[in-house]
Amino acid sequence: MTNNLNMAQNLAILDRMLLIRRFEEMLIDLDQDHDFGHYHLYIGEEATGATVVESLRPTDLLLTTWRNHGHLLARSADPGRMVAEILGRVDGYNKGRGGTLHLTVREAGFLSTSGLVGGAVGLAAGAGFALKQAGEGNICVVFFGDGSLEEGVVFEAMNLASLWSLPVLFMCENNNSGAISAQEGGFPSSEIAASQISDIPKSLNIKSKLVDGADVAAVHAVVTEAVSNIRSGNGPVFIEAYSERWPGSRPLWPEQATGVTQLEAAWDQTVITGEHADWVRKFDPIIRFIRSQLEAGLFSKDELFDRDRKIQNQVIEARAFGEASALPDPQSALDGVFAA
Amino acid sequence: MPPDSNSNIQSDRIITLKAAVLEAMVEEMESDENVILIGEDVGAAGGVFKQTEGLFENFGTGRVIDTPISESAIFGLSVGAAMAGSRPIIEVMFGDFLTLVMDQLVNQAAKVHYMSAGGFNVPLVLRTGIGIGGNLGPQHSQSLHSWLAHIPGLKVVMPSSANDAKGLFKAAVRDNNPVIFMEDRMIYNLVEHVPTGEHVIPLGSAAVKRKGVEITIFAISRAVHTALAAAEILLEEENISTEVVDLRTLAPLDIKTIISSVNKTGRALVLDGGHQSFGITGEIAATIGELTFDYLDAPVMRLAAPDIPVPYGPSLESMMVPSVDQVVAKVLTMFGGSV
Amino acid sequence: MTMAPKLNKAKSIELYRDMVTIRTFEEEVRKMFSAGLAPGLVHLYSGQEAVGVGTCAVLSADDYIASHHRGHGHCIAKGGDITRLFAEIIGRRPGYSLGRGGSMHIHDPETGNLGTNGIVGGSVPLATGAALSAKLRGTGQVAVSFFGDGVLNQGILFESMNMAALWSLPVVFVCENNGYGEFTEIDDVTAGRPYSKRGEAFDIPSGKYDGMDVLVVFDAVSKAVERARKGDGPSFLIFDTYRYSGHSVGDKQEYKDEKERQLWESRDPIQKMAKAMADMKLASKRDLEKMDEEISATVVAAAKEARKMPAPGADDLTRHIYAP
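Chains as they are written, first to last, in our numbering: chain A, 1 to 340; chain B, 341 to 679; chain C, 680 to 1003.
To be clear, the hints were calculated from the coordinates, so they are not data collected in a lab. Remember, it's a predicted structure, so these values are computed and weren't measured experimentally. Virtual Cβ for every residue (Gly too), placed ideally from N, Cα, C. Mixed in with the good hints, there may be bad ones.
Each computed BS3-like pair below joins lysine-lysine, with the alpha-carbon atoms no more than 27 Å apart [said to hold, decoys possible]:
{"#": "1", "chain 1": "C", "residue 1": "Lys-887", "chain 2": "A", "residue 2": "Lys-202"}
{"#": "2", "chain 1": "C", "residue 1": "Lys-931", "chain 2": "C", "residue 2": "Lys-690"}
{"#": "3", "chain 1": "C", "residue 1": "Lys-876", "chain 2": "A", "residue 2": "Lys-209"}
{"#": "4", "chain 1": "C", "residue 1": "Lys-951", "chain 2": "C", "residue 2": "Lys-969"}
{"#": "5", "chain 1": "C", "residue 1": "Lys-887", "chain 2": "C", "residue 2": "Lys-876"}
{"#": "6", "chain 1": "C", "residue 1": "Lys-690", "chain 2": "C", "residue 2": "Lys-969"}
{"#": "7", "chain 1": "A", "residue 1": "Lys-202", "chain 2": "C", "residue 2": "Lys-876"}
{"#": "8", "chain 1": "A", "residue 1": "Lys-207", "chain 2": "C", "residue 2": "Lys-931"}
{"#": "9", "chain 1": "C", "residue 1": "Lys-876", "chain 2": "C", "residue 2": "Lys-690"}
{"#": "10", "chain 1": "A", "residue 1": "Lys-207", "chain 2": "C", "residue 2": "Lys-690"}
So these bits of chain C aren't anywhere near chain B, every CB distance computed over 12 Å [what the hints assert, rightly or not]:
{"#": "11", "residue": "Tyr-743"}
{"#": "12", "residue": "Lys-814"}
{"#": "13", "residue": "Arg-908"}
{"#": "14", "residue": "Lys-964"}
{"#": "15", "residue": "Met-988"}
Listed below are several chain A residues computed to face chain B (Cβ distance under 10 Å; list not exhaustive) [what the hints assert, rightly or not]:
{"#": "16", "residue": "Met-7"}
{"#": "17", "residue": "Ala-8"}
{"#": "18", "residue": "His-38"}
{"#": "19", "residue": "Gly-92"}
{"#": "20", "residue": "Gly-115"}
{"#": "21", "residue": "Val-117"}
{"#": "22", "residue": "Gly-119"}
{"#": "23", "residue": "Glu-150"}
{"#": "24", "residue": "Asp-329"}
{"#": "25", "residue": "Leu-334"}
From just these sequences and the hints, can you work out the full model?
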């Protein structure tokens, strides 16, 4: 697949993906020290989030789910304030009230992150409605997983978006497809009778596309076209971006199943070992991207390591910031139930 | 960090609350083939908290059904199945998600028996986990028991210990009405001696968990333990004799036990893990005031969670759960100068 | 119970009679409402008889149906007692709910009727669940979920169809598309054409049919029920039909136009069946008129009897909150 992105865009996407990966890896370690409850990682899905934002305006609106770190970082949320929020500290984006499940970054255009499956999709139709009224050509992107298509409210929201030609991009990140993911006992498992998830939006007359979520160029092509369509007032689009679920996300609590990512894996097979070597070799979107972009001469190996080093430092600083931030005064919990 | 994955069944009949409910479920499923279990991840995965471990292997796909993420229809479907002769146990993963089953629960399940003048029963158990303390945030920490107790036709049960949990769950499955069985996950691992076999505790019966003569603390679920701990301190440090009544069932409420305890002690404090306003504490306080005002030596007081969404952060979340110290302090205020 | 009914003379007459009974019944209900005897609201089925009758004629007594607010026709077609139905609608004690439920809360366990319902879409999972129960118990029973076109946009339909397909449940989803969700044209609020694609998305055999022709309904539902009994799972059938009355009695129907009404009336299901029976030489015009008179007499007598029945007492109010 020819890469229809220019050098600056490709590098931006690379940096986003590396930032997401290193951030998520850091969280597994952070959890050992702090035990911050249940959390969900975007490892293995970076290519989608990092690329989608490339087609968006700063004034577009977004909604996401409990698996939000990748989307937020892709939209330049401050990793330090994210860590603070995940640790429940006063400098967190939600002042410690939301945590990882509800991280909301208003300045990056995020309206909310829902802890309930499908919960944000209804809101997205509403945001689309408001944006259409405002008439400035902005759109709403809502990220959700394959499980969301099992919730009735998603169907209802899509019906309305289609009926009223709302400017909504339904980004379905299906991380449950593929042979490895269909293992017995892994959860949650997708239980949908549709042979193609896109048959559902299609039955509501919504244009639907399928794309390999780990292929940066493919994602960019599909999303750019969809966004342009939506901005022209042609109604919503549904994109199913599939990926092979990261093995560390299969148990209830994330586990460092594939080891801290070694970028050399893109050219040196010998560093890929262990039970999940196959996933790293074939499905890791970052390794795939590096492999193809090295070939295309986007960067040298040294430049790559350099970028990674800078990003790792950024993550270290973010962690330090978060850990240094104070716990909010318990009494502050009583404030802000109602708007003034 | 994941919680300790204790083995569910321990020796010597001292078992956890979680294990006790599982045991009850196994026994009821063994004795009545119409009892089925349905919910998300309850089968092959054994439940997200391993609370239904082994059932799928034991009973198979005909009795243990894994579902898509469709709470509304899952529950509605279970109502229909119950009307047609099945006895479903429906697991809703988090108490917060009851909002998704509300229509089928309130407008269908609660009313079918009445509307059909006894023609149809809806024998089912809706089992859900509640509990503040895992930093799960506002959409994964709520307990909506007050909403449900308010609806005629529903029964609401909240055990505080393993022994009660087993007995009440068996009763719930055998009950021919829609019963909501709510377990606080924070007390899942509390152990207690639990009898084997036909150990059934009737719904609608409260229990005196600690005898006392000067004040009664009414509590349910996890708050019972807070009350018991507070009672110990009150005796040791203030020489106040506290009776603790575990309500066990909210609907129907065991008014007889409530009144007889207040008649004995003359003071009542009601504890709840739900929000204070418009909740069960108000119901009990009003009931006591109406039925036994002459026996009261002080106004009935309440202690519950503040009226705020459950915040996530560890320093904030602690605001939501009435602590032992807070209970002790509240009791002392009820004795004014007579301590 | 698992024997598929044949469309013989007896069955054809049954179809005709049931439709006439419903039409006559609804006329009496209208009169009762206008006389102030029926508290609340009533939603009449006149015009849609072919769907309820053609469907229930395929079913056995122990098959299930779940109905909705426009459900008198379903109750009658499934074998309900018309006197008790009248009684319930006008709030009298011998009614199906002791007179406490009214038109939208009629449940009849003896005829497998899981109830009329006040919640749009509310009964869809009930039928689906009854089908699940039947499958688990291995009884061979099937369930029919009746719902209107408004439910095409309800999430609960979508969730129920997914599970029915996933687990091959013996349920038939019957959509009575009368073109209106209350006062709104359904085409104005429903995205996606044809509507049958909603079922096809879950790989459920789906189709659209003429709901004014009871023989077409009977045929389509027969095939669906056969599929269900064989274990091949659900079907999604959309029957195009029309309600002559307003959403509820009292609705002035200003949103309908006269031409549309005339067009549908020219396709009246009862007249259509009468003609078909005459063509098939199953009954003469005189036979049919005689049937009409008999039915009218029976229905009017039942209505009269119901009017004399007592209201529920104060004690009846608090009974059946809980099952024993």
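**Asked** So which hints don't hold here, by number, going up?
**Response** Of the numbered hints, 2, 8, 9, 10, 11, 12, 16 and 17 do not hold.
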